[in-house]
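Enquirer: Read off the chains here:
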Amino acid sequence: MRRFVAGALALAVLAAPAAAEQAQPTLNDPVVAKREVELAKQLRCLVCQNETIADSRADLAVDLRNKLREQMAAGKTDAEIITYMTDRYGDFVLYKPPMKPTTVLLWAGPFVLLALGVLIGWRAVRARARTAQPQPLSAADRERAERLLRGEADA
Amino acid sequence: MKRVLFFLVPLAGFLVLAAFLLRGLWLNPREVPSPLIGKPAPVFEKAKLAQPTETFGSKDMAGQVWILNVWASWCTPCRVEHPLMNELATRKLVPIVGMNYKDNPDAARRWLTELGDPYLTTFIDHDGKLGIDFGVYGVPETFVIDKQGIVRYKHIGPVTPEAMQKKIVPLVQELQKS
Chain A
266 MRRFVAGALA LAVLAAPAAA EQAQPTLNDP VVAKREVELA KQLRCLVCQN ETIADSRADL
326 AVDLRNKLRE QMAAGKTDAE IITYMTDRYG DFVLYKPPMK PTTVLLWAGP FVLLALGVLI
386 GWRAVRARAR TAQPQPLSAA DRERAERLLR GEADA
Chain B
175 MKRVLFFLVP LAGFLVLAAF LLRGLWLNPR EVPSPLIGKP APVFEKAKLA QPTETFGSKD
235 MAGQVWILNV WASWCTPCRV EHPLMNELAT RKLVPIVGMN YKDNPDAARR WLTELGDPYL
295 TTFIDHDGKL GIDFGVYGVP ETFVIDKQGI VRYKHIGPVT PEAMQKKIVP LVQELQKS
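Going down the list, the sequences are from chains A and B. So this note's numbering is basically just the index in the first sequence, starting at one, shifted up by 265. So this note's numbering is basically just the index in the second sequence, starting at one, shifted up by 174.
Just so you know, these hints were derived from the structure itself, not from any lab. Bear in mind that the values here come from a model prediction, so they are computed numbers and not experimental data. Errors might be hidden in some of the hints.
So the derived label-pair ranges between C-beta atoms look like this [unchecked claim]:
1. A:Leu384 with B:Arg177: 11 to 21 Å
2. B:Pro214 with A:Pro362: 24 to 34 Å
3. B:Gln339 with A:Val383: 28 to 38 Å
4. A:Arg300 with B:Pro335: 40 to 50 Å
5. B:Leu199 with A:Gln400: 50 to 60 Å
6. A:Val383 with B:Trp248: 35 to 45 Å
7. A:Asp352 with B:Ala224: 24 to 34 Å
8. B:Thr250 with A:Val383: 44 to 54 Å
Calculated cross-link-like contacts (lysine-lysine; reagent style BS3-like; alpha-carbon spacing at most 30 Å) [said to hold, decoys possible]:
9. B:Lys276 with A:Lys341
10. A:Lys332 with B:Lys222
11. A:Lys361 with B:Lys351
12. B:Lys303 with A:Lys306
13. B:Lys176 with B:Lys213
14. B:Lys213 with A:Lys341
15. B:Lys276 with A:Lys332
16. B:Lys233 with B:Lys176
17. B:Lys303 with B:Lys220
18. B:Lys276 with A:Lys306
19. B:Lys303 with A:Lys341
20. B:Lys222 with B:Lys341
21. B:Lys220 with A:Lys332
22. B:Lys213 with A:Lys365
23. A:Lys332 with B:Lys303
24. B:Lys303 with A:Lys361
25. B:Lys233 with A:Lys341
26. B:Lys276 with B:Lys222
27. B:Lys340 with B:Lys266
28. A:Lys332 with B:Lys233
29. A:Lys365 with A:Lys341
30. B:Lys266 with B:Lys351
31. A:Lys341 with B:Lys220
32. B:Lys222 with A:Lys299
Built from N, CA and C at the ideal position, the CB exists for glycine as well.
Excised from the complex, chain A in its bound form:
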């Protein structure tokens, strides 16, 4: 047992420098760290354009994350930090584009297309309903249906 404890201790001591070499969460406060990640997720890395700066390992993303931390440490609000980024990199840095006259088509487009689809679908169904009137039952069919309902075998 004592040997086991000693071994575990030695392992822990040996493992410590290895752990220290990994990327450290820079902030110990989980609330601040969460806020940093939330902000980083909203910002696009301009080098690998389909990644956020939270995901990207590009040099610029690292720099921008550092800038983010710096601004948070300086007590800036989320809105101020986002403005800081868009002032330098434009709206493109935002993963979620803002609602503006130039982006109305982007935001409304899918809903317009959906409405158009619903309208076309509704009209198609109505047109089909008008042409496909149910045929009146012939006397022979009625008789056969009644026979089946009484439980007699089909002729």
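Add chain B to chain A, keeping to what the hints say.
Expert: Using the frame of chain A, we list chain B on its own:
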């Protein structure tokens, strides 16, 4: 009439979509329009590459039209555009200032000795923080800044001979007149 519309409306929709997609083929997604255009260039004061004890600042260029070229010795496209910068410098049309972006100063100085130094001065942006203020996201980048210190044009990526002849040089000449 209704039948004609039935074909024309989707056809029109398709043509609009095709036009957008065709246009998209000729756009470079790497070229993000800079929000800095028409706005004052960031104010800075940075160590010179040649004499790191001395500084160079935006105020040194006040009252003149100038070009800011962001470069680094590790940047391969910078090598491609460098002869154009050298050529522009020999024309003595406009001062070119270099921003050495996130580089090793020794490597940067060697680079200038090897390829020629077209710059009035090169200053060091060691940690890329000034680069962020300029909205730099990839080197090389080239800015044209007017007499009032307003950014007038930004070229992303290596300057091509075409961009130099058709955009940068005419713009500089026009700005110098005003």
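Enquirer: Checking against the hints above, which ones are violated?
Expert: 3, 6, 11, 13, 16, 32
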